[in-house]
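J.: Sequence:
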Amino acid sequence: MFRRLGVLVVAAIALSRAPVFAHDVWIEPTTFSPEPGQIVGVRLRVGQDLLGDSLLLDPALVNQFVVVDAAGRRPVVRRVGDDPAGLLRVAMPGLLVIGYRSNPSATELTAEKFNQYLKEEGLDTVAALRARRNETGASGRELFSRCAKSLVLSGSPSEAQGDRLLGFTLELVAERNPYAIRAGQDLPVRLTYQNRPLAGALVVAMNSLNPSEKLAARTDNDGRVRFRLRPGGMWLVKAVHMVQAPAGTNAEWESLWASLTFELRTTNAEGN
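Note that this note's numbering has the sequence shown beginning at 314, numbered continuously upward.
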């Protein structure tokens, strides 16, 4: 599929620890439309513009790896060092919310790469603070962690079933079931930080069929953006938030990367 063209390049970058800022992490299940009783592989992907390679599960980095459905919350079966990184069985029809939360990792970027990272991810406040401190020419020492989610639908869509907060530090939540929206309807998405709406953050949406055509908006005072998404293909919605790192961590900044994936079926264009 779309990942093949960039696999070798992305893998080489990942292994060399070159610009970490270029790498989104997202969940790409083996199917977004499983049957009840079916086993779904939960693949973790790392890359840029939806060109990605497998992110193998490192148990030392896993904070949470869970799935939530109508029956409640349970762990995803982990497959350490393998792809897919996890497995789950669909117990019943309905919407499943899959979540992966990593522990922080440390990295240091040169001033040029760090400044480019801040620009590309819309982290203007951090860039301005560095400028006031005369740190624009300094490298950036950072802790980063991932907060990835995916929405999978078994059976027919229902407005009564929707995404929900998993309690991740930074989290994107679709405020309508994306499988139930029709052509011409907006999808409202809310971004929360520490379970509170995060205002002024850049949120980007891209589609697997044409990832170069991105939609972008900054969250309002309620942490909300609205996107009118065309049907067909997998959508990735992403956001990055950066704060000053806690004392004693040997880092200056802490970033959190949130992502949300789902599929918009072509039947959405015709109504359900």
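Simulated from the structure, these hints should not be mistaken for laboratory data. All values derive from a computational prediction rather than experimental measurement. It is possible that some hints are incorrect.
Stated by the list, open to error - What follows is a list of derived Cβ distance ranges for each label pair: (1) Asp-499 / Ser-525: 15 to 25 Å; (2) Gly-394 / Asp-499: 36 to 46 Å; (3) Gln-507 / Pro-349: 29 to 39 Å; (4) Arg-391 / Arg-509: 52 to 62 Å; (5) Ala-419 / Arg-391: 33 to 43 Å; (6) Gly-480 / Arg-392: 35 to 45 Å; (7) Arg-543 / Glu-348: 25 to 35 Å; (8) Lys-432 / Met-405: 44 to 54 Å; (9) Ala-404 / Asp-437: 42 to 52 Å; (10) Glu-526 / Gly-468: 23 to 33 Å; (11) Arg-541 / Gly-513: 19 to 29 Å; (12) Arg-495 / Pro-349: 21 to 31 Å; (13) Ser-418 / Arg-392: 12 to 22 Å.
C-beta: ideal position from N, C-alpha, C; glycine also.
J.: For which of the previously enumerated hints does the structure constitute a violation, in increasing order of number?
T.: 4, 5 and 6
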